[in-house]
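From first to last, the protein sequence lines are chains D and A. Here the first sequence is numbered in our numbering, starting from 33 and rising by one per residue. Here the second sequence is numbered in our numbering, starting from 752 and rising by one per residue.
Among the hints, a few may not be true.
[As the list claims (entries may be wrong)] Looking from chain D toward chain A, a few residues come up when the C-beta cut is under 8 Å (computed): (1) Ser35; (2) Ile38; (3) Lys69; (4) Gly70; (5) Ile71; (6) Ala84; (7) Ser132; (8) Arg135; (9) Asn137; (10) Asp217; (11) Arg385; (12) Ala389; (13) Thr394.
The set of hints was computed from the structure by calculation and includes no laboratory data. Computed from a prediction, not measured in an experiment: that's the story for all the values here. Glycine included, each C-beta is placed from N, C-alpha and C at the ideal position.
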Amino acid sequence: MESQSILERLGILADAAKYDASCASSGTSSRNSLGSKGIGSTEGMGICHAYAPDGRCISLLKILLTNHCVFDCHYCINRKSSNVRRARFTPQEVADLTLSFYRRNYIEGLFLSSGIVKSSNRTMEQLIEAARILREEHDFRGYIHLKTIPEADPELVHQAGLYADRVSINVELPTDSGLTRLAPDKNARQIEDAMGRTKDDIAEASDAKRKFRHAPRFAPAGQSTQMIVGADAATDADIVGKASRLYGSFGLRRVYYSAFSPIPDASAVLPLKRPPLIREHRLYQSDWLMRFYGYKPAEVMEAAGADGMLPLDIDPKLAWALKFRDRFPLDVNRAAREDLLRVPGLGVGAVDRILAARRHRTLRLDDVARLTQSIAKVRPFLCTVDWRPTTLTDRADLRALLAPKQEQLELFAA
Amino acid sequence: MSTLRNLEFDTCYLVHLPEPDDFDAWRERARALIQCDVPPDRIVWTAPGGAGDLFAQGDPRLPVPEPDAPPVRASRRFVELARQAVLHTDPERFALLYRVLWRLQADPRIMEDKTDLDVRRIEELDKTVRRDSHKMHAFVRFRRVESEESGEHYVAWFEPEHHILRANAGFFVRRFANMKWSILTPRGSLHWDGETLEEGPPAQRADAPTGDPMEDLWRTYYASIFNPARLKVGAMLKEMPRKYWKNMPEAALIPELIAGAQKRELQMVAEGALETEDRPETLKAVDEAIHRCRRCPIGCLDNQAVMGEGPKDAALMIVGEQPGDQEDLAGRPFVGPAGQLLDRYLEKAGVERKEAYLTNAVKHFKFVQRGKRRLHQSPTAKEIDICRWWLESERAIVQPKLILATGASAARGILGKTVSISKTRGEPIPLEDDSELWVTAHPSYLLRLDDEAKEKQSRLFEADLAAVKERLAELA
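Here chain A stands alone, though its shape is the one from the complex (with noise of 0.2 Å):
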């Protein structure tokens, strides 16, 4: 029994390095070991922090090396990759670098041999190392306090699984060369005051602010800068695992914005019903559809639907604003004095109304009551925009050669934008369905107006009609 000890004594090195993050330290004594030709099974190495070998037994005196002994060789790769596990809590991270260090020395270029599992278990500790570093650097919440000695100070409390601190403390002091900040961990901490970095003795979360007025401002763009219509909880879990989630003031809204998100989709969708809706193929579905239509708030006025009328093949598709009273009232559009109006220009110009499909850029009549009347009110960009489905639904069937809009609405009804009618007019505008566009005043302007500025309207009107007239008889 005596004499098994005595062998382990002589032959076994315990190495206690000073602090757990301590490479150059590690260095130093590893390559003295390498030199002394120290096999990996005959050292035990131990670190503060560490769990290390309760029953770890060896020589802490260590072999001091010939000074004629062959210097020790390692990869580049090794070294960098050496640097980042030493941070790392497995406790066999020295051991295992030293075993790695140790076949070094026979084959220099074990390092490129990915499928070795001392070197896959380096760079995955690497990896960790790395991931726990750089969550750092993004997870860190500064909060601000302000004393009378020292001013304005930041001071974060951080939890980092690995032993990442110290070496990180470059990256803070770099990115916040001018600000006074603390950062406090459960293993140590790292005070910046503008000049000089130090480091302090492990911290508690009760050292720390418990807030900061503008985490408000934070958490609202947090909740508003996420979008519910795509819900990936899996992807924010894979790069903000729950485990940081305690120190970070935008967190605490995670569980609400997931529950609300559902809702608010749903929500954004039925108001906005059409995106599901399959377009009409005729014109009767249409109609019918239009009937029941309360998409905008004009469709749920005291009025009916008022259906395009007239051939379903016309090559002439005459687009006005909206129904009036009495289109509303007779169920046809262009039928009030605008449309009688209309009707005797078109017979002027030589144009058959029966042979033209005529209908509106909005399908409901839009009034205000004032006693018996009901007075006409324009459609607001967004009201001609929903209606914007139906026409083009009538267009898609009929496909006309040619669309006359009357008015500034009939025209944002086909472009979905509002043009002027003076800088438009008397000019083809080409569609995308091959078919082209006139736009020109609404009757009902003409109606409007007295004496010169009537006779001038008129006359390009007139002008108008004529000029598509003629379009049309050379697309025919």
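Isolated chain D (complex conformation) (with noise of 0.2 Å):
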């Protein structure tokens, strides 16, 4: 195995390690560089320093360490009984190859994983090793996300708060029944409750930093997880239901949704098509809507059908106002903040330039539609003191009307 160059072990570290969504390099304490012996800096807002073809940004280096794993989860291309090339790398390779890519601006920092091999433990110690290396050998101020293994001793798990920005456990699947099908050597209680453990680290650590100025930093960037979609029998809501109950109990930053994609020697036990990309994307309009819209849980849940399934052809916000037509129109001069975010087409910026706005002036449809991405869209909610949809709201066509026209697939778009 050693013989494989650098290279060629990128290539299948790399290939191994993108089925993990999160890419974020976002959201960490500010630093940087000067006065120091190193190179990195973290300004709040992350940089994605390129995006690949399949759309998603490129701002770490997300690797394994090895892709060698003796768990056997079935979505999973790395499983002990998967035919994959096998490959590792060694804690300075990866500190290595991290340090190179940085000076070449290529990257913000580095996103670790790691297949278990040996023992939990073990595969832990050397995720942290790496980071141990570019923060204390080089003095890397850059990005670092690692993958927290659940199974490994909280001590371990600990210490790689301390280096890392942010920290993560993947819960992989919605439900507890789909976990032990498909997943069995992994164990709910057990991920939820290294959760649990950082959270608790994480809270204790910014506390002490409000009290003493050098306490030591513990995953400044918080804990993200992420969830495999269509992987299993899940509903969106059962979905919904789960982020919202991580959210509120474990204080995530994000809940990565990850759309079940086909990997190369598939286990016989996913006999399933691959889930419309469309339905990680509808997931992810509902995440947004519990986080900085105000929806409740709930009410999100209302948006979906009765088998629980959010509509693919229109997107949440909108479902969920076809079905509450007697709470609109609102009223654009008068109506509250938190009403008019429930307007479909209006987004937080458009319904803060309203409120604004509105203080200077009684707004007409005219200035709503220089305010907004597309007043089309939102006039059928919306008066104003020169426009009433009067039985545009309640026509049964409506959904229709506003449904986005199928386009060509974006496969041939470029």
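Now that you have both chains on their own, put them together as the hints suggest.
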């Protein structure tokens, strides 16, 4: 195995890491390398250094330390019984690669994960060692995201948080039965316990930081998790419910949804068609509704159909508004912020612009048009001094009027 | 004619700014002009690099405000936006900013009115400039050069759309404080030696190095991290427009990645062809399907599929590993030596074989040919997992209350993971469909043992069967 070149191993271990959706490098403490011995800075906003043709941002060097794994999770390309080529890096090689990429401004930092080799503890130690080399030997100030292993010793997981900006543990599947079936070596209890401990560590560290300026940082960018969508029978309502519990119980920064995608050498326990990518998109939209638009999880679930699935042809906010038409139209010049946020087609930015502008003048439909992306989309739900939708709000075919026209598949767009 | 010219000279000012991105110079002149009450339409602003107004005429000598002239007022938001807007290449930007500053004197809250056309234009300029800066932070690519006098040096060639180079020097200084670097652009260049920042003249692409060995690794990474199963070219183009591609080493790969993506995905799905097939709903359909099944190499050997047998509503399902030589010839499960042994133990425990549904985790006989004999080969975990589809179909139709898995392969066929027989035997394992699994050894294991070990194992086997019999009575 050692005869594989760095190039070959990078190919294998990056390929193995690509099913993790997260690539965020934002929201951590602000720092730079002035007056240090090393390089690196984080200035709040994450930077996407490139985009792959799958539309996803490449911000971090996202690799596995090794794709050898003693676990046998069926949706995972690296499971024990899969025939993929295996490779591994040493922590030193990962650190060197990270620095070489960083110096050329390819990346914001490192996102390191790993298959489980020998034992969970041994694997966790290796992950930490790569981060330690970067932080201590090279005074690296860039971003580090470490995937932690729930089965590892809590003390090790804690240590990871001291070097990393963000730590994450994947819950993998929205339901416990799905986890038992598809990830037989994992345990939902254990995962949640580990998330709970990380939450406490983060809270404790930020508390200490308030009292002592030099208190050690602990995962200043918080923790996140990922759920695979479409690999089991969980409905959107299940997923939304699970996500809101996770946000609530563990103070997560983000829950990532990853549409199960066909993997080479797939396990036979996945007798599934691939879920439409748009489903993942609708879940992110519902996530946004809960986090930024003040919707309660139960309200998002109201947007779903009787089968617990969000409509694919329209976004969940529009679906909700069409279901609760009696709450519209709203008067743009009087409605409260939280009500305006429920108007399909009005984003947080547009609502804030409306609030600022209406202090200066009474808004007409033209004014609203200037403040929003698409007046046609918001018009049925609003009134202004010169506009009332009258019968439009109650039209039976409103959904058809507002649903985006079927577009040619993106595949052929370029 | 001459009077008209004189009139213009009297009232129009030509303001030339020393640099196209110099906010402070603009502010200083704008402040003086406001204090002298010069209305916006009497000023022509020019700066180097801008197209300028070739026919602009006016007085380059600016008026001097009275010492007691009232101070100029500007909201914080205006200053914030103006700093960015000045960096835009729009030649109208200085005039626009002056016009809004002029209006701000009468109406200090004008910036809050997002429907105002001037305010919207400033916000647009600000947004464009910020985006250009952000893309510069993202898409600058350094290449390493090594020279004897200065050692390691990182050089980048970049083509920003607006006058953002100087404004973004700080970002690169803070990030690469301990690195020697230069950023060369058509509008000027920056050089950092680890201590001081120097500005240089405009550069050309040819001044920058043409490659870096690390770019092969970076391209490998870029190609590998891309998931061909989810092509979204539009999303990529939105964030990484083509105009940036020429200076990004990885962008050369994009066309082939897109072209290869559909092919790769089709191939992956074909390899795991199970994905789109519906589950058979009758035992007969399973029987027919397994005879056609070639999803793993075992199905391609010279053998026949062996279907399970027994009542369609059996309470007990007994699962073995795979058909052996005799089963393969007979086309029935558990008829060889191990099957006959099982029969004897079942009889002893008082379990009626004909009331149970007997089947195998793997449906075809896996063997290697040695002369005239076909030697049994254990199926791999992967092969068991592939065949699990059929076993699960049988389970869904028969719906047994209790499943007895004989051997580790059978247990894997039910659980999807490998378990230790010694650790799991003797206890029920609850299954998702409310049935339960009991694990025991495979009878062929008993055939291979001698004396003492055989005696011990057969006692355990008997005990397992007795426990199953007892449990079946409870479940009935």
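Consistency of the hints with the structure:
1. Ser35: At about 17 Å, which exceeds the 8 Å cut-off, the nearest Cβ of chain A leaves the hint on Ser35(D) violated.
2. Ile38: For Ile38(D), the interface hint holds, since the closest Cβ of chain A sits about 7 Å away, which is under 8 Å.
3. Lys69: OK, holds: Lys69(D) within 8 Å of chain A, min 7 Å.
4. Gly70: holds, 6 Å
5. Ile71: Hint holds; Ile71(D) Cβ to chain A Cβ min 5 Å, cut 8 Å.
6. Ala84: holds, 4 Å
7. Ser132: holds, 5 Å
8. Arg135: holds, 6 Å
9. Asn137: This interface hint holds because 5 Å falls under the 8 Å limit.
10. Asp217: Holds, because the Cβ-Cβ distance from Asp217(D) to chain A comes to roughly 6 Å (cut-off 8 Å).
11. Arg385: Holds. Min distance 4 Å.
12. Ala389: holds, 5 Å
13. Thr394: violated, 11 Å
Against the hints set out earlier in the document, violations occur for numbers 1, 13.
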